[in-house]
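*Asks:* This is what each chain is made of:
2 protein chains.
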Amino acid sequence: MTSIAIGDQILDLSSLTSLLEENVPELKNLSNVFSEPTLNKFMSLGRPIWQATRQYLQQILSENDSTLRDNIELKQRALISQKLARMHLPANIGDFTDFYASKEHATNVGTMFRGKDNALMPNWSHLPVGYHGRSSSIVVSGTDIVRPSGQISPGKDQPPIFGASKKLDFELEMAFFVGPGNNLGEPIPIEKAIDHIFGVVLMNDWSARDIQEPFLVEGPKQDPTPLKYLQDTGPSAYDIHLEVKMKSNHCKSHVTIANSNLKYMYWSLKQQLVHHSVNGCNMRSGDLCGTGTISGGPDAINGGPNKSPLGSLLEITWNGKTKIDINGNKRTFIEDGDEILLTGYCTNENYLIGFGECIGKILPTYK
Amino acid sequence: MTSIAIGDQILDLSSLTSLLEENVPELKNLSNVFSEPTLNKFMSLGRPIWQATRQYLQQILSENDSTLRDNIELKQRALISQKLARMHLPANIGDFTDFYASKEHATNVGTMFRGKDNALMPNWSHLPVGYHGRSSSIVVSGTDIVRPSGQISPGKDQPPIFGASKKLDFELEMAFFVGPGNNLGEPIPIEKAIDHIFGVVLMNDWSARDIQEPFLVEGPKQDPTPLKYLQDTGPSAYDIHLEVKMKSNHCKSHVTIANSNLKYMYWSLKQQLVHHSVNGCNMRSGDLCGTGTISGGPDAINGGPNKSPLGSLLEITWNGKTKIDINGNKRTFIEDGDEILLTGYCTNENYLIGFGECIGKILPTYK
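Going down the list, the sequences are from chains G and F.
Heads up, the first sequence is in full-length UniProt numbering, so the first residue is 1 and it goes up one at a time.
Heads up, the second sequence is in full-length UniProt numbering, so the first residue is 1 and it goes up one at a time.
Mixed in with the good hints, there may be bad ones.
In the DMTMM-like style, the derived pairs of lysine to aspartate or glutamate whose C-alpha atoms are separated by at most 25 Å in a straight line are [as the list claims (entries may be wrong)]:
{"hint": "1", "chain 1": "F", "residue 1": "LYS367", "chain 2": "G", "residue 2": "GLU191"}
{"hint": "2", "chain 1": "F", "residue 1": "LYS263", "chain 2": "F", "residue 2": "GLU191"}
{"hint": "3", "chain 1": "G", "residue 1": "LYS166", "chain 2": "G", "residue 2": "GLU335"}
{"hint": "4", "chain 1": "G", "residue 1": "LYS41", "chain 2": "F", "residue 2": "GLU36"}
{"hint": "5", "chain 1": "G", "residue 1": "LYS367", "chain 2": "F", "residue 2": "GLU186"}
No lab work stands behind these hints, which were simulated from the structure alone.
Values in this document were obtained by computation on a predicted structure and should not be read as measured data.
Throw the hints in and build the complete structure from the sequences for me.
*Replies:* Given below as structure tokens:
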């Protein structure tokens, strides 16, 4: 069942099928998409239909409109308390790609592992680097995560040992869902990229720093002049305020450990999508693309005095060298029972749009 | 519709629903799985049901059994010429992982790009390295492939240019489908891995050598002693003969360019699956895992006089340094209109089991 969040309630769009049929001509014979268990079909319908639907929903949710306001029976059916609803993933995610598009984050990580002079890989400035990920592992906010185990290196020239990760981290990310897809072999041009992006969500890319294998990508060292197929006109970044909070097992309240903003991403969502399809790779409605860790702003490079705009503990604690304080508990990486909460919003004089919460807790490793 | 190949025909299992219900107790109330468009549900049912089904089908296909042999009406319904059938992917593939498990292949590629002394990355001998891939890009045998375009490096210290791949290659692989999956956070132990492997297929991993980004993975330099969770008892390799044939646009017949065998893989299918799930990654029925390029046997390292056991043109032509002859046409990499055909079989005194054909042709890049 498709719903949208409004304050502390959700609006069940499947209750509005006949209203939508009557009032949104673009949805003629299509309003049953909101009764489907996922948004994949609605995502595939394209921007004009998303816009017409959004416009009508904004209208009936405004105080001046009587459609919903004065229809008590409909209101009772369609508006449900968020507390009573169980959230699901919005789409059946066919494929998942995670980009690495924040220059500050890439510079920090590169400096830690390769030194200041080789911080950015040569090809980083020429294309948005992306890694394919497992769509099976994407879970809805609030899902507990078992601490991962794997091969861990005790030190240089020593054999690996098997055990639970001791350097478990979060990564502050956002992700976009693909709207209409493209055929295998037919790239998406930059001028049309925005029509293929359905919307963005908060994402926490849980990360075992001592188990995962860092991937290095090669290319020529050059100034950053994007090639023509990646050149875009007009503004393409989004000003979305992001906050990371952390809570230990023994405390009741969360402590803010990072503030960032989606606008700091070096490579835009459009460029990520275009680069992803340029070799003919087919995207499908509901596919998900993560931005990579978002560490933003000039203070975000190499730690610096103000560490708040850093989107991972790897950077905040500079790979465990310094500690942060969570209500009296000292942390380098994530311990069992710790909870990470991501929030985000954008605002201007007229609007405040929230992205809800993305929350998860770490459980001990599986024995 | 589910079917199995038998000679130049296919047997439609959905025509045998009532026979299967009556004769395979394990399939009670389940035989409708063969009317589904994919094998995902059958894959999820587990090894005892696969084995009971296979056993019964082998029985009714034997010359001594009258069930099918003497029932002309059923034979006409259930047995269909392969030429009249249109093949589909056997499963809805949720996720796709491609391993890098052939030691000869990894040594050849490493020697080409990093020199003989650093041919194998330090962690290669400790774990089966795998890369996540796009399940959307997996197509059925016979699908034409548009030549990919992307950023190409004209040389060291030169800026990248945009264009169609000039170094298009095939990769001889096999791949296994996952049977029953596992829950997020609960690894599959090596003793149970075989129960989670449904079966293997031929796979051609089309590869643009000048566009793709080589991934490097790090780990300690040590002798190859697998950690306990990867230790297996008994034989775990499969003796499957593999052959690669190539045809140019102007010729009618294919020319054999490589012979290899799945038994040469350093890391077994079981070890690949176990390592994939050891950090808690959940596998789903129908997920696909590729072996990586299969270059086998002692002659397969560093080219050598006999280049036939090499599973890619990258190795056969040593990154374009030598040419091969395809019916009078010289080739380093794949040209537009070229066709690659993979075949495979295993045999002993009693059986000859074929893996069919995996065929594809390259079309010019998209303008």
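*Asks:* Would the hint linking LYS166(G) and GLU335(G) be met if the CA-CA limit is 25 Å?
*Replies:* Satisfied, since the Cα-Cα distance of roughly 8 Å is no more than 25 Å.
*Asks:* For the pair supplied as a hint, LYS367(G) and GLU186(F), is the alpha-carbon distance within the 25 Å limit?
*Replies:* holds (9 Å)
*Asks:* Between the alpha carbons of LYS263(F) and GLU191(F), is the straight-line distance 25 Å or under?
*Replies:* holds (20 Å)
*Asks:* LYS367(F) and GLU191(G): Cα distance at most 25 Å?
*Replies:* Roughly 15 Å between the alpha carbons, so the hint for LYS367(F) and GLU191(G) holds.
*Asks:* Please verify whether LYS41(G) and GLU36(F) have alpha carbons no more than 25 Å apart.
*Replies:* holds (21 Å)
In this structure, none of the earlier numbered hints is contradicted; all agree with it.
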